[in-house]
Each structure stands twice: as C-alpha cells, then as structure tokens.
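Fit chain S to the supplied structure of chain H, relying on the hints for placement.
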Amino acid sequence: MKAVMTVTAQDRVGIIAGVCSLLAEMGVNILDLSQTVMQGIFTMTLLVDTSTSSHTFDEIRTALMTRGEKESLNIHIQRADIFEAMHRV
Amino acid sequence: MLNISDIMQTVNMIDHQHLDIRTITLGISLYDCASSDVHKCARKIRDKICRKAENLVKVGCEIENEYGIPIVNKRISVTPIAEIAASCESDDYSVIGHALNDAASECGVNFIGGFSALVHKGFTESDKRLIASIPRTLAETELVCSSVNVATTKAGINMDAVAMMGRVIKETANLTADKNGLGCAKLVVFANAVEDNPFMAGAFHGAGEPECVINVGVSGPGVVWRALKDVKGESFDVVAETVKRTAFRITRMGQVVANAASERLGIPFGIVDLSLAPTPAKGDSVARILEEMGLKVCGTHGTTAALALLNDAVKKGGVMASGHVGGLSGAFIPVSEDEGMIHAVKSGALSIEKLEAMTCVCSVGLDMIAVPGDTSAETIAAIIADESAIGVINNKTTAVRVIPAPGKSVGDSVEFGGLLGNAPVMRVNNAGSDEFVARGGRIPAPIHSLRN
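The listed protein sequences derive, respectively, from chains H and S. The first sequence maps to residues 1 to 89 in my numbering. The second sequence maps to residues 1001 to 1452 in my numbering.
Chain H extracted, bound-state conformation:
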C-alpha cells in the first residue's frame, strides 16, 4: 500500500535519521521524500510503500505514533489515494 507520511516538529539534528531508520527496521520502502523548515518548524513529507514490510499497516502506524510521542514529533501516516483525490481533478 502506498501511504503519505508527514512529520512536523521543532527543528533539531537527527529527525530524518531517526524516522528513516525506524522505517528501515520495519522494512518500509521510501519512494520519495521532501523536507523543508517553515518558520522554524521542521516539516517532512514522505511517500512510502508498506507492502515491502512484514508488518501490518496498523503495526507500522502504531510504531510511528509511539516514536512520535517519545521524541515530540507529530507524525501522520495515511493512504496516498486520499491526497490524490483531494488535490487532483
């Protein structure tokens, strides 16, 4: 399943490394990634493929949420089709 992940947080060293290594541990493949800092807020969006993982979508989501809470990162992961529907005619 293709999913869009968003990560927002107060900017600091190592956010991308932390999130990406967690994805790698779970076998989630990153298809695309873009990152910027808007008014001091780190903002990253990733397009990922969860079908390469042996974990269910729910497990991946829970792992990301738990990591997010622990490290003060606001993480969302949602199926990609919703974004395509909302922003493309």
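Hints are supplied without guarantee of correctness; some may be wrong.
To be verified - Just a sample of chain S residues kept apart from chain H, beta carbon distances all over 10 Å, derived:
1) Ile1069
2) Glu1171
3) Arg1249
4) Pro1268
As the list claims (entries may be wrong) - Heads up, simulated DMTMM-like pairs for lysine to aspartate or glutamate below, C-alpha to C-alpha not over 25 Å straight-line:
5) H:Lys2 x S:Asp1015
6) S:Lys1154 x S:Glu1209
7) H:Lys2 x S:Asp1006
8) H:Lys2 x S:Glu1263
I should point out that these hints are in silico values taken from the structure, not numbers from a laboratory. Note that beta-carbon positions come from the ideal geometry of N, C-alpha and C, so glycine has one too.
Frame of chain H, contents of chain S only:
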C-alpha cells in the same frame, strides 16, 4: 510526488479544522421481515440488521486508521417501520423499537433511524399505530430515531398529521422530562423527506432503495471557515469561489471513504450527502462561517443572503467531486449543535422567526431548537405547518426538530450532551394558533406541482 503544501493542508484540515466524515450510514431494506406476529417480526428485523451490519463498525474503524480521517458516526437506516409492521396484529410497535435498539447496540452503531411513517397524503392503520408508539419508543430506547413525513410538494400538507405530531412531540418531551425532553431530539417531522438521507434523526431507507446501500455524510464547517479567513474583505465572487473549492476537497474525501466502505463491505455505494454539518466544538460552526462573511452576529440582517451563497456554493463545489450526490445536501443550521448558533441565540440576535427565514434557502429546517416547556401542542403544530409550507412551495426538504423542554422557560439552557450539544430555550409567539390547527384536512398541493 504530491506538493508538500497540499499534503500539509490536508493534514491541517484534519488536525486543526475538524475535518471529518460525519457518518457512514448503512441502509437496510426490511421488506422481507413482515409477519402477523409482532414478536416474530421484531426477531426477524433484529436478525437481519445484525447480519447485514455485522462488519460496519469494524470496517469504519479500519478506514479511519488507514486514511487518517475520523469517521464520527457509524449508523443504520431501515425501511419505515410503519410499512413493515402493517401486517402485525398488534397496536404497540414499541416491541419493534426495542428490536431496533438491540440490533443497533449489538452492531455497535451510534444511531438507527427508520421508526418512521410517510403520511403526507393520509394515514394507513399502521401509520396511526406507529405514530402512537413514538413517544414510548423514544422514551424507552436510546439509539432509535424516528421521523414522520407530513407533507410533499406533490401531495400538499396533511394538517391532521401536523396536529397529531404537535401532540406526539409534547408527549415525547413529557415522557423524557427527566432528561430535559431528550426524546424529541430523536424525532423529526419532515416535508419532502428524502429516501437516502444518511443524517440523523431523519434517516430512513426509502422504498426505492436497493436491498442494502452505503450513504456517506461529510462535514467540514471548520475548513470552510478557515478558508474564508484568507479572503477577508474580498468580493462575494471570491467568497463563492473559495467555498466551492473547499467543498470540492471535502466531498472528494467523502467519495474516497464511500468507495472504500462500499468495496470492503460488498455493499453498493448510494450517495454522498454534501451537507455542512456543524458540531458544538469551537471552530466547527456554520454560524461562524456566516459571521466570517462580515456579519457581526449570525441572525442579523444579511444572514439569509450569506446562507444562500454558502448553501449554493457548497453544492456547486461538491457536485463535481462525487459520482452521486443525494440526501439533504445543504448547510445544516441546528441551534444546539452549533457553537456559533448558541452564541447568536444567547446574544439575542437570532430568533425562531429568523431561523425560519434561513430555512427558505438551505437544508434543512428548524433543527434542535429548545422552546419553553409550556408551549402548547397547537403552537408546535403551527410551527410544523409553517416549515412544511416553506418546503412544499419551494420544492425542498424542510424539517422540524423542536424540544419543548419540560419545566424550562426562555433564558434557561438545556444540556443534551455529546454532539447534540446545549440548547438555549428560545421564545415562541404566544398568540394562539389553536383554531387554525383544529381545522384539519389537507392543504392542497401547489400549482407548480402539476408538472406533467
């Protein structure tokens, strides 16, 4: 890949602007549940609902998790019970009301609608029995919603039914006096009721509907409100365009969720209802959208025009985003369920008369309005008659959901809790309408109903 700002816009809509799917409603036909024995009929109804709706809540939660969009309610609507119970040899249909309640509770849904009768042209014996069973059923059950259609543009207004519903609303309020008349919050009187409405309390599964169907109601007043903040002071052309664009996005999300639910449940998709449904939460109010257009308080002069623009632009934006649009599809203006409406009433700017004018240009009607407990059945019936006339003449759905809150008077507030919110008791016109209501009979259909 998608644009980063588009992605963040969607995430913000869900996180900060209360964007959600208000309801996934599963419509179920009960025509094969009829029986001469009311208990057998009730059992068949319960079994069928539990079978068909077994996975509704599970699938709803799955979609919620995968798409990251809250689905606030999962609901069921059924064939009007007056039609199913017609062959039952019993005067008391509350047995069936209990069966509906048990089935809803077993399936884990928030509400079940369809304890209903369609009497716009007259009553069957079964319609009369159902209407007589409404107060007791609503008092004894938690999840059952009831509706009665008393008028259509084609048939005119059944004034006997209007008078009867005035009395039924009073009796329902009295039987649920310990909960501030909460029973009345689950009872809607309609003109031109639609067969595929996913919203409560007025949902039922119409006679023209398939065996089962998935209807989805979107929400999103908060998103429209936020979008209008960015065009402060601009002309109405820009306002309309902004609402249209926002409604398009909201509805597309509804369509994606509707498709996913339909596919996973193996049940055909019916419609997406484009209504902007508010909640009592701050920032999720239709009234605040109207105020954002430049009105000091919702209810002041200009409110009807603002609402007309909003209602029309939501439809224009939404209709292109969905394969099938239906249900009520308009802005809802319930008082107790909308933080801005509550504020407007408390500040004295919004009266029942103004709300009545607003219902001429939007769905759905006088909704979730608390009136003094000593309001007579005849006055309530006359309120229903006025609202029905607006629906009948303008070829649109209108409805009345008023709560004559027992023991309360103007200035008091009534707390219903949850999405039903908090209703300030509103003043009604105390000059009697008794003789008007007592006439009975039918107000004929308007000339423009003759379109063949």
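Numbers of the earlier hints that this structure fails to satisfy, in rising order: As far as the earlier hints go, 1, 3 are violated by this structure, in ascending order.
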